[in-house]
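Peer 1: As given, the protein sequences belong to chains A and B, one line each in that order. Each residue of the first sequence is one higher than the one before, counting from 1 in this note's numbering. Each residue of the second sequence is one higher than the one before, counting from 1 in this note's numbering.
Hints in this document: simulated from the structure, not taken from any laboratory. One or more of the hints may lead you astray.
[As the list claims (entries may be wrong)] Each computed BS3-like pair below joins lysine-lysine, with the alpha-carbon atoms no more than 27 Å apart:
(1) B:K263 <-> A:K242
(2) A:K247 <-> B:K263
(3) B:K31 <-> B:K137
(4) B:K31 <-> A:K242
(5) B:K185 <-> B:K137
[As the list claims (entries may be wrong)] Output of the computed footprint for chain A on chain B, the stretches with three or more beta carbons under 8 Å from beta carbons of chain A:
(6) 37 to 51
(7) 150 to 160
(8) 172 to 180
All C-beta atoms, glycine included, are put in the ideal place defined by N, C-alpha and C.
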Amino acid sequence: MVKYILKRLGLAVIILLGVSLLIYMLTMAMPADYIDNQTAAAVQSGQMTPEDVLRLKELYGLADKSLPGILKGYALWFSNALQGDLGFSFLYGRPVTQVIKEYVWISFFISLIAYVIEIIIAIPMGIRAAVNQYSGYDYTVSVFSMMATALPSFFLAALLMNFFSINLGWFPLQGLTTATKIFHPSDTWGILLDKAWHLVLPIVTLTLLSIGGLMRYTRTNMLEVMNSDYIRTARAKGLPEKTVINKHAFRNTFIPLVTTLSGLLPGLFSGAMITETVFSIPGIGSMAMRATQQGDIPFVMGYNMYLAILTVIGYLISDLMYAVVDPRVQISK
Amino acid sequence: MAKDNKNTKNTQYLTIKEEREIAKSNRKIMKQFERTKNRKNVDESEFTTQMHDPRNVIEIDNLHTYFYTDVGTTKAVNGVSFKIPEGKIVGVVGESGCGKSVTSLSVMQLVQGPVGQIVDGSIRYTTSEGKCYDIAKMPRDEMRRIRGKEIAMIFQEPMTSLNPVFKIGEQLDEALAIFEPKMSKEEVKARSIEMLEMVGIADQKKIYNNYPHELSGGMRQRVMIAMALICNPRLIIADEPTTALDVTIQAQILELLLEVKNKINGSIMLITHDLGVIAGMADYVVVMYAGKIVEAGDIHDIFKNPKHPYTVGLMRSLPSLSHVATGSRLYSIPGQVPSPVNLPDNCYFCNRCEYSFDICMEQYPPDYYFEDNHRAACFLYDEKYKDLDLVKPELPRNMADDSESKMVRKIPQGRVVLESETDRFGG
Numbered sequence: 001m002v003k004y005i006l007k008r009l010g011l012a013v014i015i016l017l018g019v020s021l022l023i024y025m026l027t028m029a030m031p032a033d034y035i036d037n038q039t040a041a042a043v044q045s046g047q048m049t050p051e052d053v054l055r056l057k058e059l060y061g062l063a064d065k066s067l068p069g070i071l072k073g074y075a076l077w078f079s080n081a082l083q084g085d086l087g088f089s090f091l092y093g094r095p096v097t098q099v100i101k102e103y104v105w106i107s108f109f110i111s112l113i114a115y116v117i118e119i120i121i122a123i124p125m126g127i128r129a130a131v132n133q134y135s136g137y138d139y140t141v142s143v144f145s146m147m148a149t150a151l152p153s154f155f156l157a158a159l160l161m162n163f164f165s166i167n168l169g170w171f172p173l174q175g176l177t178t179a180t181k182i183f184h185p186s187d188t189w190g191i192l193l194d195k196a197w198h199l200v201l202p203i204v205t206l207t208l209l210s211i212g213g214l215m216r217y218t219r220t221n222m223l224e225v226m227n228s229d230y231i232r233t234a235r236a237k238g239l240p241e242k243t244v245i246n247k248h249a250f251r252n253t254f255i256p257l258v259t260t261l262s263g264l265l266p267g268l269f270s271g272a273m274i275t276e277t278v279f280s281i282p283g284i285g286s287m288a289m290r291a292t293q294q295g296d297i298p299f300v301m302g303y304n305m306y307l308a309i310l311t312v313i314g315y316l317i318s319d320l321m322y323a324v325v326d327p328r329v330q331i332s333k
Numbered sequence: 001m002a003k004d005n006k007n008t009k010n011t012q013y014l015t016i017k018e019e020r021e022i023a024k025s026n027r028k029i030m031k032q033f034e035r036t037k038n039r040k041n042v043d044e045s046e047f048t049t050q051m052h053d054p055r056n057v058i059e060i061d062n063l064h065t066y067f068y069t070d071v072g073t074t075k076a077v078n079g080v081s082f083k084i085p086e087g088k089i090v091g092v093v094g095e096s097g098c099g100k101s102v103t104s105l106s107v108m109q110l111v112q113g114p115v116g117q118i119v120d121g122s123i124r125y126t127t128s129e130g131k132c133y134d135i136a137k138m139p140r141d142e143m144r145r146i147r148g149k150e151i152a153m154i155f156q157e158p159m160t161s162l163n164p165v166f167k168i169g170e171q172l173d174e175a176l177a178i179f180e181p182k183m184s185k186e187e188v189k190a191r192s193i194e195m196l197e198m199v200g201i202a203d204q205k206k207i208y209n210n211y212p213h214e215l216s217g218g219m220r221q222r223v224m225i226a227m228a229l230i231c232n233p234r235l236i237i238a239d240e241p242t243t244a245l246d247v248t249i250q251a252q253i254l255e256l257l258l259e260v261k262n263k264i265n266g267s268i269m270l271i272t273h274d275l276g277v278i279a280g281m282a283d284y285v286v287v288m289y290a291g292k293i294v295e296a297g298d299i300h301d302i303f304k305n306p307k308h309p310y311t312v313g314l315m316r317s318l319p320s321l322s323h324v325a326t327g328s329r330l331y332s333i334p335g336q337v338p339s340p341v342n343l344p345d346n347c348y349f350c351n352r353c354e355y356s357f358d359i360c361m362e363q364y365p366p367d368y369y370f371e372d373n374h375r376a377a378c379f380l381y382d383e384k385y386k387d388l389d390l391v392k393p394e395l396p397r398n399m400a401d402d403s404e405s406k407m408v409r410k411i412p413q414g415r416v417v418l419e420s421e422t423d424r425f426g427g
């Protein structure tokens, strides 16, 4: 087991190496970099000459866009990254690691709640839909959850905002705190409640977006299990239908569910780029979005490496979970 | 009429309109059946009945089980009647798709719903408490009283019939615990281990803690048998219990079935397509073809004096050593089974039958009875056509010389074994 994990981690290092090089080259190949973005207006109005811009670019390490130049820049970035230094964000003017550390928690919090609600709603729904295949319930649930999944996140978010905050006025439109209210610093509950109130719509958006997929996944797996021979055996033994479904069938559906869902766990730290941006929530997702738009190479690199690490860990957890939940799988190598 | 004809010719080509009509009527029918089956708190008198003969464990009477598929209604079991006397083994033979398995699943009410439904007929069964129920009319909830405790089933595929994520012991315990809620965990475990021992598993304590995938196919089938027998059922349905096993294990499993049957004094409904297995085990044989029984009778009647051309064809297509010796080709029945969706009005076998004559193409034959319960559904035995001097099917001489013939012979233990099967049973 330990040997297997070490082997997988070794493999992960190689993957991350490749990923980092790819991302670095891609971000460097972007047509307009950070300096171009920042100086475009000044150059146009004649306040800055192209020479000034070039000097700035050299200062930021963005001047040499030839392949050797990119590779040199990458080598520098890489040697720093090995020491845990992901560089300074151009846009935020702070170390990248510090920015990630600061903004990740709000994203994680939103994603975690959405993830839990999604599981609580989607799995029982999928099971019930599978047990009553082709029933009215099955069709209704499938249609509605797929509709929610099929909507683009920004559109669904806009719909919810329009309906619940503009028309009904139940929830605030954007942001994380009410700007017009003043809380006493010791009023922790008041602040928390205010934040929670702001997070309802984003969480609802994320939940609605993901329920359909998980519900269909549960339903499909459950249907496959329900048609298997051992379910017939369980019924032939005289077990009540409840035990057949909740114990024999679900324990088998559980295997793909646990491995998939546990694989998603690290992804909770990655932030929801579009939803956070639409709701103006200062999470890691919206920070990354801004950084990408501005060509903030250190932040984009740092954030993408962070995502790559989360993904690799997710797959590792997913594979390890197979051995935990499925007695037929044994990790020996 | 013209349209009907077209339908029977091309069943797989339905117009969208026809398909929609089928789907619509199917939904309606299935819904109604499911509703009846799912009722709760049904009065017992609704499904209580009387056995015609108290010596029988089960009486299947005019059973119809249909599948409402998208291409039409598949009549998988289409009027099957037979009975299983107490302590006897009844063999059900027929080729794949003839409705043997569906018959057995109907008895357990395990036909895959909502598509599959018992449409008509009755399955009368007397419980150990002496109550007689009609299984065909029993609501799903009540059926649990019968499954496992009264009638147990052994399935064809031991490889997939055990739940892969639970230990053998847990699966055995659970079968017993549900009917013996008063037994303590240790008692249940002791009984499970005892059952494993009874089915000839050597290292029971170890196997008890194993997962199904850690056992071989033969071992798993033994576990399945142990599981089926753990509540001392009165009837065991063995649905092709040896098909998925290799030949050496087949004989062991069959021996084991016979042995445990005697121990618990139960009856067996043995479903197989292997005539050799039937010859070695059964007391009474039912031959099925396209959802109907074409011939039924005592093991000796069927093997010595088969009446229906299909039965004779089945026996002639058994490989035997004489084929090897003489270099003759193995017989096979020509043609194909009619589609169960569009069954003709005539005898289902007539287009494959060398003995068929005019009337066979016109209507389905009734049952004709011979000595002791031997019956066959074939017009060849109708008194009306006696004058036609019809050729009756017969077994080739080397198969049916006399009662101690090469085809069927008694072996010292009193069991009947086919010569071609002697290698399987170790002579």
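Peer 1: The structure should be examined with respect to each hint, and the outcome stated for every one.
Peer 2: Hints and how they fare:
1. B:K263 <-> A:K242: Given pair K263 (chain B), K242 (chain A) is violated - Cα atoms ~33 Å apart, limit 27 Å.
2. A:K247 <-> B:K263: The hint is violated at about 32 Å.
3. B:K31 <-> B:K137: With Cα atoms ~16 Å apart, K31 (chain B) and K137 (chain B) stay inside 27 Å; holds.
4. B:K31 <-> A:K242: Between K31 (chain B) and K242 (chain A) the Cα gap is close to 21 Å, so the pair holds against 27 Å.
5. B:K185 <-> B:K137: 35 Å, violated
6. 37 to 51: Check failed, 0 qualifying residues.
7. 150 to 160: The restraint on the stretch 150 to 160 of chain B holds, since 5 of its residues have a Cβ under 8 Å from chain A and three suffice.
8. 172 to 180: Coverage by chain A holds for the stretch 172 to 180 of chain B (4 residues, Cβ < 8 Å).
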